[in-house]
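Trainee: Sequence:
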Amino acid sequence: MDSKVLALVALLAVIIWSPEADAKPISLVERCWCRSTLNTVPQRSIREIKFLHTPSCPFQVIAKLKNNREVCINPKTKWLQQYLKNAISKIKKKRSK
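Residue numbers (numbering that gives the first Met the number 0): 0 to 96.
Calculated directly from the structure, the hints in this document are not laboratory data. Please note: incorrect hints may appear among the correct ones.
[Said to hold, decoys possible] Here are the computed distance ranges between Cβ atoms for each label pair:
hint, residue 1, residue 2, range
1, S2, N66, 58 to 64 Å
2, S2, H52, 50 to 56 Å
3, L64, R30, 21 to 27 Å
4, K91, T39, 26 to 32 Å
5, K96, P41, 30 to 36 Å
6, S2, F50, 54 to 60 Å
7, R34, K3, 46 to 52 Å
8, K63, I90, 17 to 23 Å
9, L37, K3, 19 to 25 Å
10, Y82, W32, 18 to 24 Å
11, P74, R30, 15 to 21 Å
Just so you know, even glycine gets a beta-carbon here, dropped at the ideal spot from N, CA and C.
Throw the hints in and build the complete structure from the sequences for me.
Mentor: See the structure below:
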């Protein structure tokens, strides 16, 4: 094999398998997860709630539903704020026992 071809193949291999090739562009890493939010979600269908806060995005509340769908909930809705207050008070009661 010609030495120039061998050098080119080696260079391409290094470029393809370098760690930087797997890195995501900044625009995808810092993108907000929630583009739109819902005001109403049936509380019985919520399996799990996650909270995300990043420097480039506002506070985000993501609910995973029992059907494995994930939806964004408006964090300013009254029912969600009451839901969180109840959850916090339950945690405080368990810790005080």
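Trainee: So, for every hint listed, does it hold in this structure?
Mentor: Status of the hints after comparison with the structure:
1. S2 x N66: 58 to 64 Å: With Cβ atoms ~60 Å apart, the hint holds.
2. S2 x H52: 50 to 56 Å: holds, 55 Å
3. L64 x R30: 21 to 27 Å: The hint (21 to 27 Å, Cβ to Cβ) holds, given that L64 and R30 are roughly 22 Å apart.
4. K91 x T39: 26 to 32 Å: Check passed, 28 Å falls within 26 to 32 Å.
5. K96 x P41: 30 to 36 Å: This hint holds: roughly 31 Å between Cβ atoms.
6. S2 x F50: 54 to 60 Å: For S2 and F50 the Cβ distance comes to about 57 Å; the hint holds.
7. R34 x K3: 46 to 52 Å: The hint (46 to 52 Å, Cβ to Cβ) holds, given that R34 and K3 are roughly 49 Å apart.
8. K63 x I90: 17 to 23 Å: 20 Å Cβ-Cβ, so the 17 to 23 Å window holds.
9. L37 x K3: 19 to 25 Å: Because 60 Å falls outside the window, the suggested range is violated.
10. Y82 x W32: 18 to 24 Å: About 20 Å separates the Cβ atoms of Y82 and W32, which means 18 to 24 Å holds.
11. P74 x R30: 15 to 21 Å: Roughly 19 Å apart at Cβ, these two residues keep to the hinted range, so it holds.
The structure is inconsistent with hint 9 alone, although it conforms to all the rest.
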